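Please model the complete structure; the sequences and the hints are all you need to start from.
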Amino acid sequence: MRRGSKLRSTGVTLSLLLPGLACFFGLFFYPMMVTVVRSLRPEGSDTGWTLVNYISFLSTAKARDVIVLTFTLSLSATLLSILFSVALALILRKKLGGHRFFRLTMIIPRVVPGLIGALGLLLFFGSRGWFNLLVMGVFPFVEKPIQINYTVPGLILFYTWLYFPFTALTTLSALESLDPGIEEAADVAGANKWHVLRYVILPLIMPGILAGSVLTFMAAFGAFSIPLIAGGNYRPLSVEIYKQIDLTPARWSAASARAMIMAMLQVIFLTIYMRILRRRSR
Amino acid sequence: MNLLRIYVKSILRGRKVLIYTFLLCFGLIIYVPFIVIMLRSVGKNWFGRLWLPPELTLDWYRWAVEVTKIFRITLNTLIIAVIAVAISTLIGIPTGWALGRRKIPGKELLMAMILLPRMIPPIAYALGIAQVFYRLHLVNTHFGVALAHVAICAPYAILVLSATIEGLDERVLEASAVCGANRFKTFFHVILPLILPGILTSIIFTFTASYNEFTLTLMTYGKDTVTLPVRTYLAIGEGYWEVTSAMSIILVIPSIFVLFMIQRQVTPEKLVGGFKGL
Amino acid sequence: MNDYMIELRDVTKRFGSIVANNRINLGIRRGELMTLLGPSGCGKTTSLRCITGHNIPDEGKVFIDGIDVTDIPTHKRELGMVFQNFALFPHMTVFENVEFPLMIRGINKREREELVEEALQLIRMKEYESHHPRQLSGGQQQRVGLARALVYRPKVLLLDEPLSNLDAKLREEMRFEIRDLIDRMGITAVYVTHDQAEALALSDRVAVMNRGKIEQIGTPTEIYDSPQSRFIADFIGLSDFLEGTVSSIRSDRGTAIVKVEGLEIQVVAGPNMEVGKRALLFIRPNNVELFNKTHKGGTNTFPGEVEKITYLGDRNDYRIKLGSNIRLRVQSDSKVRFRVGEEVKICILPDQCRVIV
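Chains as they are written, first to last, in the numbering used here: chain D, 1 to 282; chain U, 1001 to 1278; chain G, 2001 to 2357.
Derived from the structure by calculation, the hints contain no laboratory data. Just so you know, these numbers come straight off a predicted model, no measurement behind them. Just so you know, not all the hints are guaranteed correct.
Capping the alpha-carbon separation at 25 Å, the derived lysine to aspartate or glutamate pairs in DMTMM-like fashion look like this [unchecked claim]:
(1) D:Lys193 with G:Asp2071
(2) G:Lys2076 with D:Asp65
(3) D:Lys6 with U:Glu1055
(4) U:Lys1016 with D:Asp46
(5) D:Lys193 with G:Asp2351
(6) D:Lys193 with G:Asp2058
(7) D:Lys243 with U:Asp1224
(8) G:Lys2076 with D:Glu184
(9) D:Lys6 with U:Asp1169
(10) D:Lys243 with U:Glu1238
Structural data, given as structure tokens:
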């Protein structure tokens, strides 16, 4: 009797989980497997196994450039996001006038389609855009417009613009869940503001910062639409993958091999990052 | 280090001028791109070093409507988003219930599995989805594109809903049973109203995700299922910046609407919610 | 100068339209333990925060050790503070928590270690030095809080309801421990609490606050025995209040007679008493003695009737009806018990019966 009801309960649990599992296996696991298999097939063939797709990509100097570029972009953007988010969060938590407005401003890059953000930034930073008009207007010694679009620093700026909200939101919520008494305790104990920040606030919100920056990093690493339209000659991995199937005939095996390399790099990096995060928050 | 120290110190000391300059720059960098797009979409003959367009026109919007069939495209986008939201919610409620309320061995593993799609670059499984969908003739159908979106949307829905359902108070359910309600009645009169805010949140997020989705659409769309983001991308490629701007403005309106709803109904922090356990 | 370690002069602090502190004048002598006592919202915490510098008074000045610190930031005031919710740094061990104030002051490592060890020894937490705060019980956390506050020998120790997050039994133990520690260090201390028993047990002097003002400052005995307002009499301990008129004053004996509903009650004469003036009598329920009805009379002895009895374990709480219209609460030890409806004699001890004008 008890066995029966336990079995039934397991059955109910399983049937409740079924849609989620179906979605996971059908829309993620199976397609991933297809990609894995495809990456091991010779181009254009459905039989035979080969590593040539990996080797032919990894053995080129271009592969290194692409991977370095991808990491440079995503890590720089993550770092910038952290610096910016901490400053912003420290300001916003004081609840100055208009802080609600800025809180809302903070999430705009996440709600608006990335393509549009990128388009707006391209127009703003263009050689005839407002940014250059302003710079040339204020600093007369700047004679030529500053080239920002289609450069690496420009891309980092775009990435940061688009993906910093993850970090900013978690940092702000970590900061606001701090017990104000702890800061007062440090204050009374003789710590000046810099000490309080350095020894008390930063260590305590570090888990929040890291958790948010993981999201920023993942988004920046996998970014596709932004470098596609704003990258110019700089192609990170995602664009490199897409360019393979944009050819005629499409090179699915080559694209799949690159996708696998990208996925593995991200998983490896995330594992390391997560380990640091766990250690820090213990 | 010293510079940073001075910088932080001045922020902490509450030097209002500096703080508001910082906030002003922040506000400008976020909003100005949209203002530029707006101006670009209504400007005519805006060349050279001009701060504002010399003439205003609505021609680009007309172009967007006539040449790019924007209504048709908006309709495509909405149909796809609605299907994706519906499927994701239907997946999210039972799975969220199981994860939130039932004792499951290896629950952490299951949760990690569901989050996995968010840890892998979308382009990686988009490739696989494209290949599978080609074989199943799902490419270039509304249902097919929506199904591809579910790969992104469903984890969102499951996360939000399992968190909501986990937060349900056991005593309320017991109280309902004590009052004589059967399971069916309990579900419709007690549970559903309680998790409705969670469902709404989930719908808003999955809708936004699907509406803005680009990568997966690009891999599965066809000429009958062009969505707004894809059309905007194509327009950028074609080099008609003015028409692109006009389309972007149309594309951005629902986002602003969503922002308004999020701001009133749910805390913005929930946008990244559910990742604490990562 | 003067012998005050801390002095608040005419301190006023407003939050919007609420006046949290209204012209507070308070001097705390060197080596003294002063308690700020009052119900929540009376402004005691605001006063404490004016001392720490977390609140800056709108008017008035704050002096510490004779120096005007009103505009000096908190971290330069050389204070030690113990918090209600402990406020230990959760990311540091016990050792690091206690070490923090020393580290901030740039004291060298060896000296730091010595001082921390000494402080931990003092609170008997030596063996927990590598624990994190969340691994400790509330009482242990608060002891660490004490060590952190005292380790750098601050001029003043401030305690903001340090025991209210602990359970009742522990609270009583910690009370003595804190008092003992303060005595040994010979430090000036300000203690904020809403618990009158704590205030009476611990303090050298008590300042009772109400609605942003100090109502009375005095030793625990003064506060308890001769409260200067109805609020204090009501707030501290149990009190019976009787309203009457002064009928005669015998200043040679220091007594007076107050007439309450036909009863003539002898009381201790107060400074502002006048014949014919209204007077508010206050009597502690344990300053009334109960006898059976055969007891022969004396000063302030009246017949009454037991209306209600509540058993409190170590004593009984009686409601006694005197005459037609007076009800008195009386507490007596439980050796002799009276029954409801029984006629009794009560004696209000004349030297414990005071008048609040």
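Consistency of the hints with the structure:
1. D:Lys193 with G:Asp2071: Answer holds: D:Lys193 to G:Asp2071 is near 16 Å, not above 25 Å.
2. G:Lys2076 with D:Asp65: violated, 54 Å
3. D:Lys6 with U:Glu1055: violated, 75 Å
4. U:Lys1016 with D:Asp46: violated, 66 Å
5. D:Lys193 with G:Asp2351: Violated, because 57 Å separates the two Cα atoms, which is more than 25 Å.
6. D:Lys193 with G:Asp2058: holds, 23 Å
7. D:Lys243 with U:Asp1224: Within the cut-off at roughly 23 Å; holds.
8. G:Lys2076 with D:Glu184: holds, 13 Å
9. D:Lys6 with U:Asp1169: Roughly 24 Å between the alpha carbons, so the hint for D:Lys6 and U:Asp1169 holds.
10. D:Lys243 with U:Glu1238: Since the Cα atoms of D:Lys243 and U:Glu1238 sit roughly 17 Å apart, the hinted pair holds (cutoff 25 Å).
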